[in-house]
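S.K.: The primary structure of each chain is shown beneath.
There are 2 protein chains.
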Amino acid sequence: MEKTILLGHGSGGKLSHDLIRDVFVKYFSNKILSEQTDSACLPGADEGIAFTTDSYVVDPIFFPGGNIGKLAVCGTVNDLAVSGAKPQYLSASFIIEEGFSLTDLEKIVCTMAEESRKAGVKIVTGDTKVVNKGKCDKLFINTSGVGYLPRKNHSISTGRKITPGDKIIVSGSVGDHGVAILSARENMSFSVNLKSDCASLNKMIQSVLSISSCIHFMRDATRGGLATVLCELSETRGLGIEADEENIPVKSSVQSACEIFGYDPLYMANEGKVVMVVDSLDVDKVLDKLHHNTLGKQASVIGEITEKHPGKVILKTAIGGTRLVDMLTGEQLPRIC
Amino acid sequence: MEKTILLGHGSGGKLSHDLIRDVFVKYFSNKILSEQTDSACLPGADEGIAFTTDSYVVDPIFFPGGNIGKLAVCGTVNDLAVSGAKPQYLSASFIIEEGFSLTDLEKIVCTMAEESRKAGVKIVTGDTKVVNKGKCDKLFINTSGVGYLPRKNHSISTGRKITPGDKIIVSGSVGDHGVAILSARENMSFSVNLKSDCASLNKMIQSVLSISSCIHFMRDATRGGLATVLCELSETRGLGIEADEENIPVKSSVQSACEIFGYDPLYMANEGKVVMVVDSLDVDKVLDKLHHNTLGKQASVIGEITEKHPGKVILKTAIGGTRLVDMLTGEQLPRIC
Chain A
0 MEKTILLGHG SGGKLSHDLI RDVFVKYFSN KILSEQTDSA CLPGADEGIA FTTDSYVVDP
60 IFFPGGNIGK LAVCGTVNDL AVSGAKPQYL SASFIIEEGF SLTDLEKIVC TMAEESRKAG
120 VKIVTGDTKV VNKGKCDKLF INTSGVGYLP RKNHSISTGR KITPGDKIIV SGSVGDHGVA
180 ILSARENMSF SVNLKSDCAS LNKMIQSVLS ISSCIHFMRD ATRGGLATVL CELSETRGLG
240 IEADEENIPV KSSVQSACEI FGYDPLYMAN EGKVVMVVDS LDVDKVLDKL HHNTLGKQAS
300 VIGEITEKHP GKVILKTAIG GTRLVDMLTG EQLPRIC
Chain B
0 MEKTILLGHG SGGKLSHDLI RDVFVKYFSN KILSEQTDSA CLPGADEGIA FTTDSYVVDP
60 IFFPGGNIGK LAVCGTVNDL AVSGAKPQYL SASFIIEEGF SLTDLEKIVC TMAEESRKAG
120 VKIVTGDTKV VNKGKCDKLF INTSGVGYLP RKNHSISTGR KITPGDKIIV SGSVGDHGVA
180 ILSARENMSF SVNLKSDCAS LNKMIQSVLS ISSCIHFMRD ATRGGLATVL CELSETRGLG
240 IEADEENIPV KSSVQSACEI FGYDPLYMAN EGKVVMVVDS LDVDKVLDKL HHNTLGKQAS
300 VIGEITEKHP GKVILKTAIG GTRLVDMLTG EQLPRIC
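These protein sequence lines are chains A and B, in that order. With numbering that gives the first Met the number 0, the residue at position 100 of the first sequence is 99, and numbering never jumps. With numbering that gives the first Met the number 0, the residue at position 102 of the second sequence is 101, and numbering never jumps.
If we strip away everything but chain A, and leave its shape as in the complex, we get (with noise of 0.2 Å):
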């Protein structure tokens, strides 16, 4: 029978991950592509480039906290940010079904030019495409994105620095954005307080990267969720982690709707939290920075990078016992982002 392609195949999850090896990495095969970090690191003359893409197709387009247009450029600040690029311009790619309402486009356009201000990154070049009704959903958006990437910074993407002992920081609650979206989809009334944690984290991190030159790796937590972050980070440096459950951050709301549908919160998406990993003797003053700014009040130590159990994650849980943490195998909320 003829392969084709899965949901989950865009989970973020395993298969996602064997499409990007046996089909994307295997033919475009190149050094910076194969390292496989959320912004390729370009070669520049003083400092470097950082570069990344990401397409959204996000259902439904208007969410609590947000909207496709904020997530657009929200994602792509937070890919080049979390290389230790400073975000500095962006391009947004309209795919736009034939007989969509102008008036929406313009409220996402207009958030979209928002968030950039904010984000302090401009958006300097574009395409739209109309397609026949019924061709595509509604409205997806590509934002691409160009950053400047100091030389100290070039390790971070990859976590080379990381060592055992390094401490793993979460900066907020996670799962805020999958339940968003899940309830909006669901139209559920546990939804009333829950919004997207959608947010660009390029200046809460800059800031961090001010006052530490030892922030061994980052990454934001978007599909697949923290799980998904400790997973490949695992097993691409070949270490272990444990995890501590009681420390991980859930609001409650996200926890009882998971609970209610079935899903664990460390594999929901997040839109506007960071994964650190971060020199032991650093971990003060990172958290102390964290904690002054609006979107990292919440954020706390998880975990270590341990030299046992080398490319597994192990979760220390609430009551008591310890459990593997893997990669998801299937899509569990498909169009998330």
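Check each hint, because a few of them may be wrong.
Straight line, CA to CA, 35 Å or less: simulated DSBU-like cross-link-like pairs of lysine-lysine [unchecked claim]:
1. A:Lys194 - B:Lys132
2. B:Lys85 - A:Lys151
3. A:Lys121 - B:Lys30
4. A:Lys30 - B:Lys106
Rather than coming from a laboratory, the hints here were simulated on the basis of the structure. The structure displayed is predicted, hence computed values, not measured ones.
Given the coordinates of chain A, assemble chain B onto it according to the supplied hints.
M.R.: Below, chain B without anything else, positioned relative to chain A:
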């Protein structure tokens, strides 16, 4: 009644321009974007950086002379090249319909890799989204691109140095891509020998830039065709253009197909043709250089820049009359690229 997006908003013609001006440029307003060049020129240290993006939604995804992947690489390489930049790095972002054939995806990715090698660029970052069956049409690809832009070429994409008396060159026959797609869509027998002209022009363009410093403007004549490039140029520079229909190369198969369907080859899309505005003193050596390249064998001088009728394009027709060439108001052929 609520205003909605029409297919014509994606045509590259009048409605596209209105949408860009009234929505995108309005909100994203900044100096770099408002130049509305094919690639944004970013200020850099020694050289500048050119940055561009395009989403590809061509239907069918396989057509004589190429496929959506080849188009996505060539199109973005060409947008950088016509800005006077040396294309370096591409991103590739895929929106895939659930159930799409993995074999077809691999074929397309393979073509992208091959075309990237030919063009001398690297695909360094990417993204994959999968949407449920029926929520997009098979496969959409976004490629964004980054290139080095020598300071001396900064004025090429805006055409700031254009002066009356400059000659207009087109690098080969027009309308091939548009008619190839049309014929693939309609299963027409006239198409037997007709292929899309889809090709990366950067090496040919670099060879021309290396022998002349009097290339005052370049643009690839894609969606909207040669006519749209000329209309945009005369409008933005406030100068007149006189073109000579007899000198515009059109293949007889393209001419016949256009006659059958009632299309004008001047408005048909190309994916391997560049329009250049050149100081008249350099025209002969530029033509000579183009003729030495397989992609430029049929390069011809098709007209010149005048002080007369500023902002207007006048075509001397083959039968000896003249006609005003205007921007398309609707969509001639949706999903051509």
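S.K.: All hints, please: hold or fail.
M.R.: Evaluation of the provided hints:
1. A:Lys194 - B:Lys132: holds, 28 Å
2. B:Lys85 - A:Lys151: With a Cα-Cα distance of about 27 Å, the restraint between lysine 85 of chain B and lysine 151 of chain A holds, given a limit of 35 Å.
3. A:Lys121 - B:Lys30: holds, 10 Å
4. A:Lys30 - B:Lys106: holds, 22 Å
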